[in-house]
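Trainee: Sequence:
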Amino acid sequence: MSKNLVIVESPAKAKTIGKYLGPDFTVLASYGHVRDLVPKEGAVDPDAGFRMNYEVIERNERQIQSIARALKGSDALILATDPDREGEAISWHLLEILRERGLLGERTVKRVVFHEITKKAIQEAVAHPRGLSLDLINAQQARRALDYLVGFNLSPLLWRKIKRGLSAGRVQSPALRMICEREDEIERFEAREYWTLDARARRGEQPFTARLTHLDGNKLDQFDLNSEPLATEARQRLLDAAQGSLRVVSVEKKQRKRNPAAPFTTSTLQQEASRKLGFTASRTMRVAQQLYEGIDLGSGAIGLITYMRTDSVTLAGEAIAEIRGLIEERYGADNLPASPRQYKTKSKNAQEAHEAVRPTSVRRLPEEVRQRLTSDQARLYELIWKRTVACQMVHATFDTVAADLAPGETAHRFRATGSTLRHAGFIAVYQEGRDEAAADEDEDRRLPELAEGMVVDLLDVSADQHFTEPPPRYTEASLVKTLEEYGIGRPSTYASIISTLQSREYVEMDGKRFLPTDIGRIVNAFLTQHFTRYVDYDFTAKLEDELDDIARGDKDWIPVLKGFWKDFRDQVEDKAVSVSRAEAVQSRELGTDPKSGRPVSVRMGRYGPIVQIGTKDDEEKPRFAGLLPGQKMDQVTLEEALALFKLPRELGETPEGEPVQVNVGRFGPYVKYGRKFASLGPDDDVWSIELPRALEIVAEKKALDAQKHIQSFPDQGIEVLNGRYGPYITDGTKNAKIPKDREPASLTLEECRELLAAAPERRGRRGGKSGGKTADTTKAAAAKRGNGNAAGTGQKKPTTRKVPAGKNTTRKTTADKTGAKKPAKAAARRTAAGNRPDAAGGN
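Residue 363 in full-length UniProt numbering is what sits at position 363 of the sequence shown, and the numbering runs on without skipping anything.
Check the hints yourself; a few may be wrong.
[Stated by the list, open to error] Within a straight-line C-alpha distance of at most 25 Å, the following computed BS3-like cross-link-like pairs (lysine-lysine) qualify:
hint, residue 1, residue 2
1, Lys120, Lys386
2, Lys575, Lys562
3, Lys616, Lys163
4, Lys219, Lys253
[What the hints assert, rightly or not] Here are the in silico distance ranges between beta carbons for each label pair:
hint, residue 1, residue 2, range
5, Pro594, Glu233, 47 to 53 Å
6, Glu233, Pro337, 53 to 59 Å
7, Phe467, Gly591, 54 to 60 Å
8, Lys119, Lys740, 46 to 52 Å
9, Glu96, Ser712, 56 to 62 Å
10, Glu743, Pro655, 30 to 36 Å
Derived from the structure by calculation, the hints contain no laboratory data.
Everything numeric in this text was worked out from a predicted model, so none of it was measured.
All C-beta atoms, glycine included, are put in the ideal place defined by N, C-alpha and C.
The task is simple: from the sequences and hints, build the whole structure.
Mentor: As structure tokens, this is what we get:
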């Protein structure tokens, strides 16, 4: 056995590091966290000094046993988990488990950290070990305790006041608030009309445009020309005054410099990967983890980038020297500044001991390593490489020109602007992605040579109508940027915050932008109204600062927890009593049902949003109907709501005499024939479909069922079917595989019984035993829970939602931007930022 046992977090990293350390070292992976709080009430006990009750994560017990076996033949234990508070905590938890099991003995324990997986960095780290940092460990424990206390106290309150299955998180909830408040802004927005006048001019053969800035000597504000008559009158005055030409009144020329952006932090990497590559935050972190842990370039795996969880923009001196050498060789001395560029983060809590995200060596050119990388790895590596090289290059230089032009001898003024790139500098390598609103329209717009007193031709003056637009919904990039600006969350938590909001179905995607769901808005409204402090941006940021203070050793973790817990506990207890469920659900009155005269309202039911006719106090029970996919609680009208009660629609009968009806269920619109179901096609409308088309769908479904059915023993409730993964036997409770040497159609009843008896119990979707229904009957039951009728059935939340076209669209006379939006699916995503559950911190 080797003398030293080294523990890292992932097997990929273990393989890369093992080759650098030689035969005296055995490298094993912990596979992320090895223990966590017990998932039940009392895991954190505030009355016992916030004692935390941990247990080994079941899936990692096997790995702990492997570590224990390897430790028996080793003289020293080297803990080499990641260089942040989560990594420090993983080392501490593993050490505690080994100590509790009496496996450490007199062995030496060392902690080493490195920010890149290269031979030099690894050997240097091992040569300079340190002890575990209690400050980092306590900061992670405090974060985990806070997340637990918030989740385990607020979530049950949401279950009682709104519906089961909801959750609230310490950082997740303020992020949801941002998305909901932006949606509120959009809905409140009222578009204002304004017009712009542009001169289409020409000098010689070169055309150019100029925008009207002054009318009668007065500078135009945005809304001075706010109607077509005003714009038309002004246009005619300008044409009359110009008589086909414009006079150059003044020309201003100057140079403008643009400096390169700083090297990547976790946040800016996620933002740029979203803008330039279309990556989600989770995808970015997953690919970055692979590049960090090591890629085989032909002579063994090597880490291609430095540690990707960082808020520092610092670069090591030797890295800067290598970058500057490459710039001079590859791009020329005129692209190298006289001295290295130094960047400093704006965040007061940035860990400057870390580096920015950079290539471990810029000498590994993207084009040279591309063939060894996957498409995602190659694209992300190139992005990081270019940003790193560009940050040490000279600025870009632009020649800018601004010319004022007048029609005749009037005080009216048009302004023409242009910009020409004189020296590309860093832009030759990389240019930071910018939002549409921030784009510089004048960049690389060339003007003809103009001089004061010169006369140019006026071809026409165009009048264009515009309407102000609402603020855009958040993208992943803009949400991460805003969270960072507010100081909410930390580098390792952004991806998991977004993933949690989606998996809880609090938000869905409208293209690449976040749209709050009905339940997301209800949860946000409840928390904002009753727990204002705990979704407050400043309060959340201040708490993050305190956690950073603990990590630096400036504060003790127990007083921080005490300061949070008392007021929070009191508020939870008060709201549990004082807030009624009806107030929390926040129903919306739509009007009166003309047939019954009873009130119609929309509210959140147990399985999703519903329309209700009547109240619980009426002699007659209320009637219920679920909203259709795409309908919103805050947008549905009385007419749309009443139409829901027309379902199911009776269409007639099949040739065999089975009744045929259409309805909408959890899985979308469907035809029911007898006791069976068939989904409507994408072009079928539940409101207008008639019997002939429904019978076509039924015939198609029967044909598919005939292909699926092999044989049956109806008296015993046993069937032999063709399934997705091949033939199988089912009795509705169990499914049994058929041996490869048996022909499914020739199986006897006794053989089917024997195979079913030996088959394991079917597991439900949540890991429990199945309720004894076949997949088809389970789906049918779900479909039955679709739109309600007079019997009062409700509807579960649909798994697929259609996002309606927004009512606040941009309108211009020059382009028609209206159009139906495609359905968007609120897909649950798990964060894949490495091999550890960083979602434990920050949700």
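Trainee: So, for every hint listed, does it hold in this structure?
Mentor: Now for the hints, and whether the structure bears them out:
1. Lys120 with Lys386: holds (24 Å)
2. Lys575 with Lys562: Cα-Cα ~20 Å, so holds.
3. Lys616 with Lys163: Since the Cα atoms of lysine 616 and lysine 163 sit roughly 18 Å apart, the hinted pair holds (cutoff 25 Å).
4. Lys219 with Lys253: holds (22 Å)
5. Pro594 with Glu233: 47 to 53 Å: holds (50 Å)
6. Glu233 with Pro337: 53 to 59 Å: holds (54 Å)
7. Phe467 with Gly591: 54 to 60 Å: Violated: the Cβ-Cβ distance is about 31 Å, outside 54 to 60 Å.
8. Lys119 with Lys740: 46 to 52 Å: holds (50 Å)
9. Glu96 with Ser712: 56 to 62 Å: Holds, since glutamate 96 and serine 712 (Cβ atoms, about 57 Å apart) stay within the stated range.
10. Glu743 with Pro655: 30 to 36 Å: holds (34 Å)
Going through the hint list in order, the structure does not satisfy hint 7, though it satisfies all others.
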